[in-house]
Each structure stands twice: as C-alpha cells, then as structure tokens.
Amino acid sequence: MNPSSCAAVREALPWFVGGDLDKVHLDEVRDHLRDCVPCRREAAALQQGVARLARHRDVRPAAVDDDFFAAMHAGIVAQVEVAAAATGAPPAKGLGRGRLRPWLPLAAAAALLAFGFWLGHGGEPDLFVRPALHSTPTSLREPIVVPWSGPRFEMVPLGAEVEPVDGLEGGEPAGWMARSRLHDLVDEGMVLPRNR
Amino acid sequence: MLRRVQPLARSEPSHGVAASPAQGPASLPPGLPQAVLELAQDTAVSDAELVRRTLAGQHDPFSALVARYQKRAFFIAWHVVGRTEDARDVAQEAFVRLFKSLDKYDFARSFYTWFYRIVMNLAIDALRKIRSARGSSLDDVLGGLPDEREVAGDVPLQRGEESGQVWSVLDQLDAKFRAVLVLRDIHGLSCREIAPILKVTHATARWRLHRGRQMFKEHWERKHGGSEL
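Chains A and B are the protein sequences, given in the same order.
Last residue of the first sequence: 196 in the numbering used here, with the numbers rising by one and none dropped.
Last residue of the second sequence: 1229 in the numbering used here, with the numbers rising by one and none dropped.
Bound conformation, chain A alone (with noise of 0.2 Å):
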C-alpha cells in the first residue's frame, strides 16, 4: 500500500467512521480500506470509540426518571418566578401576570399620596390668606399671595397697574406695624381709606 496514501486516509478516518465525509473522499477511504489491513484496523478502533459513544447514549443515571424531571420541571418554574420577581420587568412575562413596569409602582405611590394628601387638606383652615383684591395683572405673572393676617392685599408685579380698593375687609388691622403700613399704602394712593 502507497504510505503516503495511508496517512492520508488515515487522517480522514476519524471522519469516516462517523459518517462525516463527503462522498467523493468516503469512496477513495473505502476502496483504500479493502486493501490495507493496518488502515482497517485503526478504522474499527475508531469505529468502535464512535459505537461506545453512541450507544452511551442509551445510559440513564439510576435516579433520574420521570418522578424526577416533574420536579425539575416545578424546581425550574419555582426558580423562574423567582428571578421574575427578583428582576422585576420583563420576566414575569409568559407567567400568565402580563408585563410588570418597573414605573408602575411609583406612579400608583405618588398618586396614592396626593390623593391622601387631598382628603387630609380639604377640611383644614386655609392657612394662606385668600387675595382680596381682583386685580387684573398686566403681565404674565400670577399675584403672590402671602401669609397675611391683617389687611389683605395682594403683591403684584413691578409696573402692573392697580386700581384703588374701596376700603378693606375686616377693618383696621391689629398692630401697629401693620397700620402704619396701611396708612403709607394711603398715603401712595394704593388703597382707599374706608370712610370716603
């Protein structure tokens, strides 16, 4: 037998044995293999590695039966659910609980508090003094209201015009601050005194 086509096909036994070779190589290794016995040889050493393999194939471990792919079946959902809830989001999907969104939570949270948040303010005093002045402000800017517990006036912008107020609502306040302020808001023409 030609050495160099021995070691050729040699190299392609391993192949062979295992029906990986294509047609045109698995002829030339099969007309080689009819006549050279030690090629032979090392292809059914290797054929009989690939019928081992094969045939451990059909090798159970002893406890592994149906009993016990059920369970792995329940351990492999249970651990499922588990990472599902341990990562949040898109986990749970497939579970039958829809798309978790990781905002949801929050949102249902802060919208749970502004409504408490609105039950527990409604019946309370006003703690802000409510403008009594309906002035029409001349820019855009909204009239602070300020914590006022003598007359009630309103701050408006710098430059907005204001028209006079006839008098004031609940009479004369109580300190003497807040009268002296209220004679030099008079005195500027910004409020009208009560007895005109």
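These are calculated hints, taken from the structure and not from any lab test.
Since we're looking at a predicted model, the values are computed, not measured.
Treat the hints with caution; some may be incorrect.
[As the list claims (entries may be wrong)] Derived pair list, reagent style SDA-like, types lysine to any residue, alpha-carbon separation capped at 20 Å:
# : chain 1 : residue 1 : chain 2 : residue 2
1 : B       : Lys1176   : A       : Ala54
2 : B       : Lys1199   : B       : Arg1117
3 : B       : Lys1100   : A       : Ala45
4 : B       : Lys1223   : A       : Ala45
5 : B       : Lys1223   : A       : Val50
Given chain A, put chain B in place with the hints provided.
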C-alpha cells in the same frame, strides 16, 4: 401564576434524548397541567411561536418550552459534567437564563441552537469548576464516582461496565473536545448544528470532532487496552 406540577402518575420510561431536534420534541414529563401538555405536544406550535407567546405575556408557553426541552438539556449537561445534581443545576440555570433573555431571541435563527448554546456554556463552565475542584488527581476521583454513574437497572451489566469506562475516558478529554463528542456522537447533532452552538466555525467544529475521536481512541487504548480485533 404559572401552573404548578401536580402529583405524578408514573408512565412508561422516556428516553429524553432526541437524535436531532428536528426529529421533534422528546417525551414529556408526566403530571403537567393539561394546557401546558397540549401546548408542548402541539407540533403546529413551533418553539419560536412559544417564545413569541411568552413575550406577549400569555399563559403557559414558557412552561411548555421547559417541558419540551428539559430532558434534552439535562442529558446534554449530564453527558458533559457527568453528575446528576450538577446536570440538573445546569439545566435549571439554563432555563432561568433563557427566560431572562427571551427578548433577545433572534427569530430568524433556530431556537434549539440558541438554547443548546446556553446549556453547553453552563455545562462546560460547570465541568471546568468540577475539574479545578478535583485538582490534578483524577484517578482518585474516578475511583469514587458518585452513584449517578451507576446505570439504570434496565441496562445490561456489560453495558454498565462499558458506560463506566466511557465516563472515565471522557473525563480525560479537554472540555471542548468532550463537548463536540457529546453533541455529535451521543446526541447525534451534525457539525453544522454544533458549530453555532459552540460558537465556532464549521471547520473548527469538524477539527475538534476529528481530534476528539482520535483522543478518545487513544485514551481508551491506554486505559482499557486495545481493541479486540
């Protein structure tokens, strides 16, 4: 809520390893909820369709995927790592990872290739961890192999002995060669199917198969003597 597995009724033994994924699903475990069972058995519903339904938030499709593939995942892992507990852990972890990355699934590619890649990566990692934990003294460990390497009762004794010998030789092989032998010679996948699973080229898969078969033969002859020809 995903339906839980109910108490089981024993059925006929199942093989659990398909020669090729194209040959259809492996036998299903008993005790599955009826809806999951029907979905898993329905050949008109492809794996990709199950993934699509899972992503749409439907009930049971992922459970059906688990039912379809858990045996294959387990046996592939078992043939790589060689221990029942480790193989089960690998299979379970593979499904968890699959679930977490379902939205990355490329519907243009086959599902089983993608899933087998997850299983194989985990199995090879597990094998390397086991080997590093063993240290260099392989023979000491092989002498005290766990019970799972004892074959089931319905396998003839002679084959049981051969199985132990096959394990001992597989343990000598590097993980990348062992992986190819497991997929090609034990599970019957082609090199074209193996290449994307191992994320190598077709030529590399063929070369590893070539070297793996040669090394298996050499280790066998060294360990158990030559062939009886």
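Hint check results:
| no. | hint | verdict |
| --- | --- | --- |
| 1 | B:Lys1176 <-> A:Ala54 | holds (18 Å) |
| 2 | B:Lys1199 <-> B:Arg1117 | holds (8 Å) |
| 3 | B:Lys1100 <-> A:Ala45 | violated (45 Å) |
| 4 | B:Lys1223 <-> A:Ala45 | holds (14 Å) |
| 5 | B:Lys1223 <-> A:Val50 | holds (17 Å) |
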